[in-house]
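Undergrad: With chain V held as given, fit chains Z, S and F onto it using these hints.
Here is how the chains run, residue by residue.
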Amino acid sequence: MSSVPASAFLALALILFCIGLYGALTKRNTVIVLISIELMLNAVNINLVTFSKYGMAPSITGQVFALFAMAVAAAEAAVGLAILMSLYRNKKTVNIDEMDQMKH
Amino acid sequence: MNLSWVLTTLVFSPLLGIVVLAFMPKTQEKAIKFVGFLATLPALALALAAYAHYLAGKKLSDFTIGHEWIQFRGMSGDAPIFSVYYELGLSGFQLLLVVLTAVVATLAAIAARYVKKEWKGYFMLFLLLEVGMLGVFTAENLILFFIFFEITLIPTFFLIGKWGYFEKEKAAYSFLIYNGLGSAVLLIVIMILFAKTGTTNIDLLTKIMADPSAPLSGDLKLGLLISLLIAFGVKLPIFPLHSWMLKVHVQAPPSVVMIHSGILLKIGAYGLIRFGMGIFPAQFETLATLIAILGVINLLYGAFLAFIQSDFKMVLAYSSISHMGIVLIGLAAMNEAGIQGAIFQVVSHGLISALLFFLVGVLYERTDTSLIENLGGIAKGMPIAAGFLLAGAMASLGLPGMSGFVSEFMAFLGLFKELPWLAAVGTIGIIMTAAYLLRAVLGMTFGKAHREFIGFVDLKGVEFVPVVVLTALIVLIGVYPSVLSSPLQATLETIMLGLGG
Amino acid sequence: MMENAWLIPLFPLLSFLILLLIGKRLREASAYVGILLTLASLVFSILVLFERFTEPTYITKFDWLTIGDLHLTAGFEVNQLNALMLFIVSLVSFLVHTYSKGYMHGDERFPVFYAYLGLFTFAMLGLVISPNLLQTYIFWELVGVGSFLLIGFYFYKEEAKAAAKKAFIMTRIGDVGLFIGMILIFWQTKSFEYSEIFRAVEAGAVSQTMITLTAILIFIGAVGKSGQFPLHTWLPDAMEGPTPVSALIHAATMVAAGVYLVAALFPLFQASQTALLTVATIGAFTAIFAASIGLVQTDIKRVLAYSTVSQLGYMMLALGSAGYVAGVFHLMTHAFFKALLFLAAGSVIHAVHTQNIEEMGGLWKKLKFTGPLFLIGTLAISGVPGLSGFFSKDEILVAAWEGGHPVLFLLALIAAFFTAFYMFRLFFLVFTGEARGEQKHVHESPSLMTLPMLVLGVLAIIGGYVNTPWFGSFLGDWLVDGNEALGHGHIEGPAWIMIAATVVSLLGIYLAWLIYGKRSVARDWLSGAGGTLHTILLNKYYVDEFYQLIVVNFVKGFSYFLRFIDVFLVEGIVKGVAGFVQGLGITGSKMQNGQVQTYGAVAFIGLAVLAVIFALTGGYLK
Amino acid sequence: MTLTGEFFAFMALALVAIIGGVLLLNLNKVVHMVVALIFTFVAIAGIYILLNAEFVAAVQVLIYSGAITIIMLFGIMLTKPYDDEGESASNGSKWRRILLFLGVVGFAFAVYVGIYNFPIDQVPSNLHENNTLEVGKALYSKYIIPFEFVSVLLLASLIGAIILAKREDKEGDSK
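Protein chains in written order, with the UniProt record's numbering: chain V, 1 to 104; chain Z, 1 to 501; chain S, 1 to 622; chain F, 1 to 175.
Chain V extracted, bound-state conformation (with noise of 0.2 angstroms):
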């Protein structure tokens, strides 16, 4: 048994994930937009290993799940860093307010 309640982990992950999310959607240098949406992934797989030990039933599935969030988040960093490297060689900008091609 822990001293610690469920809520508080989940409402630190609740603050993680909001500042995740604003640094998402407000900073202009997408490499701190990619790295701000590790920290949503982060502030999500701290739910998903509290759930594993709170809860009505126990069990390792929360954990497991947490890996594989994290393999994922990894692939997505990688893939995500090399998209930004093309584009910078193309636009020599890492600025996202001029990532913009899409809408044409």
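Since the hints were made in silico from the structure, they are not lab data. Please note that the accuracy of each hint is not assured.
Simulated pairs of lysine-lysine, DSS-like, Cα-Cα distance not exceeding 30 angstroms [what the hints assert, rightly or not]:
| id | chain 1 | residue 1 | chain 2 | residue 2 |
| --- | --- | --- | --- | --- |
| 1 | S | K556 | Z | K448 |
| 2 | Z | K448 | Z | K380 |
| 3 | Z | K380 | S | K157 |
| 4 | S | K575 | Z | K162 |
TA: Below, chains Z, S and F alone, put in the same frame as chain V:
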């Protein structure tokens, strides 16, 4: 004899004309115009035959037709949950409007001789419009009514937008937006009724609503009635919702305005009487004073504004607003005299405005203007046209012996019984009507001619047909109003029964 | 015969329709259509009148319009008043039809003129045989239209156009009064029938206030039609119409319709002292008001027009003083001599081609026929003993005195003095002295024009003898026969009234002779003495200007105010809504800028708003 | 809630994680931001340990604090970003920020209400016993197929990243 085929044929007969037109070459102007005119005749003949049927003392319910049409079945698959029937029928009131529609449509087809381009498209849309109008007045259930109602919108939009005058597109869009919103509100009302009661048959709805155990609360009914008032108020139009109508009257081609002012506006009145008063009589009573006030506002507002217009079409447009005020006044009276007056006004204004707008078309055709100032003294060059114009104005301002008087008289007779003070205020409208119409008509026909009108040809040939027919009908109703009032008695009794009076 | 009285109005209607359809081809021969058909009316009217002397009132009706359980009827009624009016109207109409053949000779729209005359005559005859208020109102309006068309006959003249418009609108204002009164009385008595209304009033089924209100409203209708103050201004302007029209409509028939209406509804008016007093006061005031304006006018027709207004005021005064017989009697004699005067004036105008009396003069010798006839009319209207006007005017004065209105009596007496003065001023200026304007080719009118005048001249002399204090009051007894509500056939009054009336009118004539005949008194003696007054009179008390200033400008101003509302408020709201929607669209399309962050932000904010709403409402939207 | 060591550990770790996040938003230089984030990641690893997930914590340290952070730093260094965040922000983006901030706060509030009202019972669990073993068992038995898919995914992203980041311009080579 089974007569149930009559109404379907009547409503859809103009389609035949569309089919024929579709196979005609674009360039044969005369032939197209002739076919367009011919295509309106079957409906006219059938409408008159129906009237003769009534005069012969037979029942109008002979014409009623009902067929299964659209059905939504539940999962169980036995009895349909919601079913919409194809139902057409005639009552005295509907009969009058159908005859009016057929007459005005035929005459407007004659007036369409002034159309300058793309006759083929014009007449195809025109005939489609006629289908819509006839359908609106014969539909016996709300969904069918709504479909026909929408059918009238689209052709009108194109007719205005393509064949109108300088600001035609603007007028057409403002027509479409206002009326589209109006019909959206109407659709909501219809759907609520459908969902709550499971039927859209008008008679059935009337019965259900009269039943105190109806599945609708009083507040909901009041809300629905107000929505109906808005939906049809756009069409009529009622005071703050009128500005689209001015543009349409000024910009649309004459034959479309004849239809529009003569019939399309009347759909609003028809809807208010048939649905507003028919389905929600008790709620209508609560709103009666409000409607009377709106009516008086319409009457005076239109009259005062018509007094300072410089374009005769604008004068007529505002005069339509003013005259629709009389319809509202009559309805708000909630007694036989008032309602009969309102219905009379519907028919009478249909004829009068068709006449006046046809004459405007004639004048515009010859002089390229409808400004009062530019037309001054035209009686010198075109005495017959000027004479008919004066006659039309006299009918419009309620001269006894013409249809305008009978309706105005009855509407006021009704309202004076219920709300004498409001009616007294409304009578200012009678004076103002005389003032603005005389100002405009005398400004155009009398006085010193501003320019030589010698070269202009007076009314001639086929142009006499609409003018004489309309004038004759106007005088007939004015002198012998029973032609209208006797078919109406049954309708009135039904309404009064609903009102509990 | 009386059961066929409905044919009488139909003859002129037939004339109207025939001339409308084929008048163009008939040209001046269309006059014969009109003359013959009105002659038929006249013959029928005379037959009906004589039959009515012996037979009781005839009335018939049929359903015209059904409103639920209410059955509105139409029909016709021949009572004493109606029979008399039928005779007067068809007589004057026939004479005017004949006269116009000469007067309108050569006019381009000759057939149209006769068609209009036919329409008017139809309406007027229809009016006087109506058995109910609704039908009266219908013909009442039609009469107005006939008058309107005829005033505007010279449609290319701006003055005629303005006058026609004014006549129509001014009378319409009155008509609305009648309209309201009619409807109010209908809901009180459930009927438009005169007999029903009188029965209900007598039975006390209608409250006193309601009687007074409806009577006054109906009287407003009469005020409009009969040119009583304050709705009198259209009548002098109506002189823009052809002169025979002035004789027919604006002297003998239509303007008398107001008097007829009050007379026909007399039992209703009698039920309310207030209403009667109103009628009398308005009548007396109009009598002196119009007479004073008539003193200074220079247009021959306008003088006669103001004289008409004044005489109509007399009739109203009579009716208002409960002198039913006096009013109707004066209506009849006035129809004779005023029609005569107008036709004679038309003859003068026909001869000299001007209407300005300052440009006439010395016509007595040149117009051997018209001059004496004009003099007969002038003597009759001035109330010189022995002629018709004397008797009827005397009756009115007696009625006013006996009715207990000494002030109104005095006003009427002064008006009588004015009448005598301005009529003889007119006579002296036109017929005596030297010719002042250019007068070439002055010639007497053709016999077609003088014969009708002759007939009227004879009637203007002898017409009064049907009802005199000396030879018995045949007319009065007949009029009130079988209907006590109308009062006595003859009101006895002190003898000094008759003497006073005679003296007053002779004084007026003498003064006119001094100034304009003998010229022993300078012409500007009066106008010089009361310069301001003269100007005021010349400008007709500025009533027209007042209306222009107050009413017309108010209506215009109000209209512009409404247009302001229409353009800015109503349209503004519409534009506002449209602008709002458009703005929303523009903002929305700005969001579509291709930047993922913006999309994300929008989507997220939307989500957040929903989430907050759900959090606050607990998950349910209520 | 009692004042236990666990509680203090949680508070400290949470504080570090949040401070790291806030610094991420507020620091000026991009490199500093990334470094600030390392604190967060490590703190989160600590949180995992508190939650009896030692293996996940280890992986967190390896992958996030290690691999991803390093990649990001490389990314930054390879791209030459400008550091002046937000100074050239236009009026519109300022408004957007304010709106977004309100949105985020609102969202947080709404979710917090949800968390607060959501009763989570606690049942004794044995996750802390042989945690890595248990994870391994689960992965290689029950979740074997997703596990293999993840490996495919990683391979695909590896190849994809290489192709994307590779210089494809031949002119560049010749220079």
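Undergrad: Look at each hint and say if it fits the structure.
TA: Structure-based check of all given hints:
{"no.": "1", "hint": "S:K556 with Z:K448", "result": "holds, 24 angstroms"}
{"no.": "2", "hint": "Z:K448 with Z:K380", "result": "holds, 9 angstroms"}
{"no.": "3", "hint": "Z:K380 with S:K157", "result": "holds, 11 angstroms"}
{"no.": "4", "hint": "S:K575 with Z:K162", "result": "holds, 24 angstroms"}
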